[in-house]
Amino acid sequence: MIPWSDIFHSSWPKIAQILAVLAIFFGFYAIAFAAGARVKGKKQNGLALSLFLAPAIILALTGLGIPAIQTFMESFKNADSSKWVGLTNYTRAVKDPDIRLAFYNTTAWVAICPVVVTSLGLTLATMLNKMKREAFAKALIFMPMAISFVGGSLIWNMMYQYEEPNMPQRGLVGQVMRSLGIPLQHLLLWHPWNNLFLMVVYVWGFTGFAMVILSAAIKGIPTDIEEAAQLDGATGFRLFRTITVPMVKTTIIVVLTTAMVGTLKLFDVIHTMTGGNFKTDVLSNRMVDENFVYLNYGRGASLAVLIFLGVLPITYYNIRSLRAERKHS
Amino acid sequence: MATKTLKRNVGVAHSPRPFTSPIASAIVTVVAVLWTIPTFGLVVTSFRKKEDISSSGWWSAFTNPHFTLDNFRAVLSTGSGEVGTQGMLPFAINSLAITIPAVVLSVGFGLMAAYALAWIPFRGSDHVFYGLFALQGVPLQLSLLPLLTFFATGVKLFGHTIIPPLHIVGTIASVWLPHAMFGMPLVIYLLHNFVSTLPKELMEAARVDGANHFEVFRRIVLPLSLPAVASIAIFQFLWIWNDLLVALVFAGGTDDVAPLTLHLANLGGSLGSHWENVAPAALISIIIPLIVFFSLQRYFVRGLLAGSVKS
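If you read the sequences in order, they're chains A and B. All residue numbers in the first sequence are consecutive under my numbering, ending with 329. All residue numbers in the second sequence are consecutive under my numbering, ending with 1311.
Honestly, the hints are just simulated from the structure, not real lab data. No residue lacks a Cβ here, since even glycine has one placed at the ideal position from N, Cα and C. Just to be clear, a hint being listed does not mean it is correct.
[What the hints assert, rightly or not] Derived contacts from chain B toward chain A, CB cut-off under 8 Å, selection only:
no.	residue
1	S1077
2	I1093
3	A1113
4	P1146
5	A1180
[What the hints assert, rightly or not] Cβ-to-Cβ under 8 Å is the rule here; a few derived chain A residues that face chain B:
no.	residue
6	T62
7	L64
8	L140
9	M143
10	L309
11	I319
12	S321
13	A324
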């Protein structure tokens, strides 16, 4: 039976802590707002800024800004960060066959997944547009978004489960392969295809996101443009290619870059399904292993910096388009 | 009237939308079914008997239906739970204790910062905004270890102590605080998108009436932003609830503060093919996000859109 009283005893401090955090946060700001409302004149802006903006900036800087600088410096130090070693971590990373493999795999993830997810999402969004029961189909495809990648990985582990050919199959994929007459495989051990099977989990989890966002963009296309094209005789694929794609180009780029950043950082799927074994390691998982398994902080830091360098062009591009947008408005 | 007829005629003559055809419906149906089957298999598996699970696939439950709640009883009471003999519930409470403070703090501070950046003019406002936006580009991976060290020993930059140690290592605060920090840039960006589109006349009218920033925020901005706040809070909730990496780094050492995802990942590793434990555990861990998602789906989708589609 469920030991309710034990659970209560171990968890009341945590529940009390949730309440305390909420009480402090709302209590402090209730007082601050009451006091701030009385302040008039020039002091007001400064007070408002320090109460409104400062906490957010402090949190963002201590959580992301300063640590990023520290990691950058760590990456030029040795395993326990006691000595400067120059570029050694990076040159070692280039030479180490395991890290090179993780690098290649990450490249494959970034090259394949975003394109698959975006094109699949775009196709679905276009097809679903104005279809009967659109919302229902969308909800089903979008549902994996609510499931953690850990949960998704376990679900797909069960799908991929390998049983001997003469045994009853427990994994659905094995069952389908057998009924199609395809020789059974240990799918997660079968290099290099196992990388693709892991990518399936990501595609399953993320396509709904791409579809929903692209669908909203497609619905935003002015109907007169579409009607004009139709009067000119554009239908089906031509309408898709000449009107839909150019009109939602910005959104396509947003989805593509979001997926790129996501795959560059993706960790959960690899960690849960293979632990980086069977030649499926990626930079993000390897980085955690360097830090917590091999206890080599310098090298872990250098891998984090490599991931950062991968994200950097996308960040740069986003800031540029953000500035352009702000100037327009 | 004329255009209406014309439209209808066009609709008859051509297919009115690209790909709207029986083939398209068939493809969409196939994808929707394919996308649902894995989760459906998990649900069926977690209600099957242990012997059945280990000897046949979940689809045989249709020809040979024997269902039971024993698996749930096992993971909720003892069995695979690792905190003493208390099963999975303590981990679910940890997940809540991590998610709720992190969501409230990031969205609360984020909304105030978004207002400040959009409506309080000050020198360097644009630079602060771009700077925060740029921090979005810093992968979590870059911050994990220094932040962990900071919680233990404070912040030292170039040999100077900037912030003293916080003494929260091993407590649940050491898990929600990083989440609140990491969420900041995205939350501010999304809420700024919304807050900056509030009607200028409304703000100015209130200012003319003598309201200061605190009053404007409380009386105008907060009520008007509630839908946006709700959608972003849901988004943050799912993101934090489903996270594994931050949990592993900041709560990896102790079961006492580990959330469901971390517990689940460990179960998957240690119990591997003991599906009678893993399947119901996985189902329990995804039930809360699924409820949140299905009941608040409209807000959630709107929240996602706020960031990516210009209205």
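Hints versus structure:
At its closest, the beta carbon of S1077 (chain B) sits 5 Å from a beta carbon of chain A; the interface hint therefore holds under the 8 Å criterion. Given hint, I1093 (chain B) at the interface with chain A, holds; its Cβ is 4 Å from that chain's nearest Cβ, closer than 8 Å. Interface hint at A1113 (chain B): satisfied, since its Cβ lies 4 Å from the closest Cβ of chain A, which is below the 8 Å cut-off. This hint holds: P1146 (chain B) has a C-beta 4 Å from the nearest C-beta of chain A, less than the 8 Å allowed.
Interface hint at A1180 (chain B): satisfied, since its Cβ lies 6 Å from the closest Cβ of chain A, which is below the 8 Å cut-off. Among the interface hints, the one on T62 (chain A) holds; its C-beta lies about 7 Å from the nearest C-beta in chain B, closer than the 8 Å criterion. Interface hint at L64 (chain A): satisfied, since its Cβ lies 5 Å from the closest Cβ of chain B, which is below the 8 Å cut-off. Because the closest C-beta pair between L140 (chain A) and chain B is about 4 Å apart, less than 8 Å, the hint holds.
The closest approach between the C-beta of M143 (chain A) and any C-beta of chain B is roughly 7 Å, which is under the 8 Å cut-off, so the hint is satisfied. At its closest, the beta carbon of L309 (chain A) sits 10 Å from a beta carbon of chain B; the interface hint therefore is violated under the 8 Å criterion. Checking I319 (chain A) against chain B by beta carbon gives a least distance of about 6 Å; that is within 8 Å, so the hint holds. Because the beta carbon of S321 (chain A) sits about 11 Å from the nearest beta carbon in chain B, more than 8 Å, this interface hint is broken.
For A324 (chain A), the shortest C-beta to C-beta distance to chain B is roughly 12 Å, which exceeds 8 Å, and the interface hint is violated.
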